[in-house]
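Just so we're aligned, residue 357 is where the sequence shown starts under this note's numbering, counting upward by one.
Check the hints yourself; a few may be wrong.
Within a straight-line C-alpha distance of at most 20 Å, the following computed SDA-like cross-link-like pairs (lysine to any residue) qualify [what the hints assert, rightly or not]:
1. LYS559 with MET615
2. LYS617 with ARG654
3. LYS590 with ALA409
4. LYS511 with ARG629
Restraint-style ranges between C-beta atoms, simulated for each label pair [claimed, not checked]:
5. ILE655 with HIS505: 33 to 41 Å
6. GLY612 with TYR387: 42 to 50 Å
7. HIS505 with ASN663: 19 to 27 Å
8. LYS617 with ALA512: 17 to 25 Å
9. PRO583 with ALA646: 39 to 47 Å
10. VAL422 with PRO642: 40 to 48 Å
11. ALA646 with CYS551: 15 to 23 Å
12. VAL371 with GLY421: 32 to 40 Å
13. GLU656 with GLY574: 21 to 29 Å
14. GLU656 with CYS551: 24 to 32 Å
Hints in this document: simulated from the structure, not taken from any laboratory. The beta-carbon is built from N, C-alpha and C at its ideal position, and this holds for glycine as well.
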Amino acid sequence: MLHQREQIAAKKSCVDFAFYGAAAGGVQNIYELAQAGVIGFKIFLFDVNGPRAKEFIASTATDDGVLIEIMQAVAATGKILAVHAENGPIASWYTRRLQNEPQRSPLQLHAQSRPSVCEVQAVEKIIRFAREYGTRVSFCHISCNDSMHLIARAKAEGLDVYAETCPQYLYLDYERADQLGYGPYAKYNPPIRSCAERKQLWKWLYRGQFDYVGSDHGAFLPEEKLPGEKNIFKAPAGNVGFETRLPLMLESVLNGNLMLKDVVQLTSANAARVFGLYPQKGALLPGSDADLVVVDPRIEVCPSCENTLSHGKAIARLYEQWRLHGKILHTLVRGKFVFKDGAPIPCMQGWGREVLV
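The whole structure should be built from the sequences, with the hints applied where relevant.
See below:
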């Protein structure tokens, strides 16, 4: 499977890329993938349902015995384990209770179906296991203030743990998103939470406790999202995010919340360090790859389906009518233009190469 994915990416990608290994495919599989050079391993602590469920079979671990085995094996490789930290049984129990409730505030309802305790309990368990087995851990798309309290304490203790959040948790809350009628297009797991919770996440960002900000890019077809307009529980979770992450984070510089150097660390350098790619990636130093993005902060960007380049553009309804600043003009990968004057260069498909760790 890995070789298959490598071949597809090598033909089509214009940027350098790396792969996670599916951590629940067995201990021997973990060792083999580590030898093959995967960047790390990924695991979900809940079963994924719906039409794409089979894609996640080797990535889910709801049994603690299996989870311990995975964390021991990943620790032995020295690579990092990226964890989607939500307690599956808790999420399932709340969802069963709420799925037939009136859908007046669908995104608030979704947040209630995966409450903060769902994430916090999972984070606490993973930290305990990381302490016991010496596993390096990166927590994906953290959405809760209480989770960050646990992670900050673990860091202070000296554990090798890291925290990622994403723009939707910093810029969206269910009050505003329900008001704007975003419905299934703003459905994520973990869910976007209250305005108060969102403001707390910014405080952790200011303190330097979030290591990096990811895109959480997940493209779906319109027909997959559409059932969620009547019942939020009928839609898959996720949306496109590659193209809005940087403009949203640059907006935080223009409004005085962050400094430009902070955005560079949060969107590039820190992730390169966490995953063992620095200074080949995430730096402009002698010997580093010449990976650059050129942005004009004076140019206004208005996200919309029409302005999106991703294959998931038909569901790119978040941030419509938002006025952001920071148009991406050019992108260079290893010193070559792959995106110029606001458009991809088709002949550069295949320029991207796999980065091995």
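Going through the hints against the structure:
1. LYS559 with MET615: The given pair, whose Cα atoms are some 14 Å apart, holds under the 20 Å limit.
2. LYS617 with ARG654: holds, 18 Å
3. LYS590 with ALA409: holds, 14 Å
4. LYS511 with ARG629: holds, 16 Å
5. ILE655 with HIS505: 33 to 41 Å: Hint holds: Cβ distance 39 Å, inside 33 to 41 Å.
6. GLY612 with TYR387: 42 to 50 Å: Because 48 Å falls inside the window, the suggested range holds.
7. HIS505 with ASN663: 19 to 27 Å: violated, 38 Å
8. LYS617 with ALA512: 17 to 25 Å: holds, 24 Å
9. PRO583 with ALA646: 39 to 47 Å: The hinted range 39 to 47 Å holds for PRO583 and ALA646, with Cβ atoms some 45 Å apart.
10. VAL422 with PRO642: 40 to 48 Å: holds, 45 Å
11. ALA646 with CYS551: 15 to 23 Å: Since ALA646 and CYS551 have Cβ atoms about 41 Å apart, the given range 15 to 23 Å is violated.
12. VAL371 with GLY421: 32 to 40 Å: Hint holds: Cβ distance 39 Å, inside 32 to 40 Å.
13. GLU656 with GLY574: 21 to 29 Å: Holds, since GLU656 and GLY574 (Cβ atoms, about 27 Å apart) stay within the stated range.
14. GLU656 with CYS551: 24 to 32 Å: holds, 25 Å
In terms of the numbered hints stated before, the structure departs from hints 7, 11, listed from lowest to highest.
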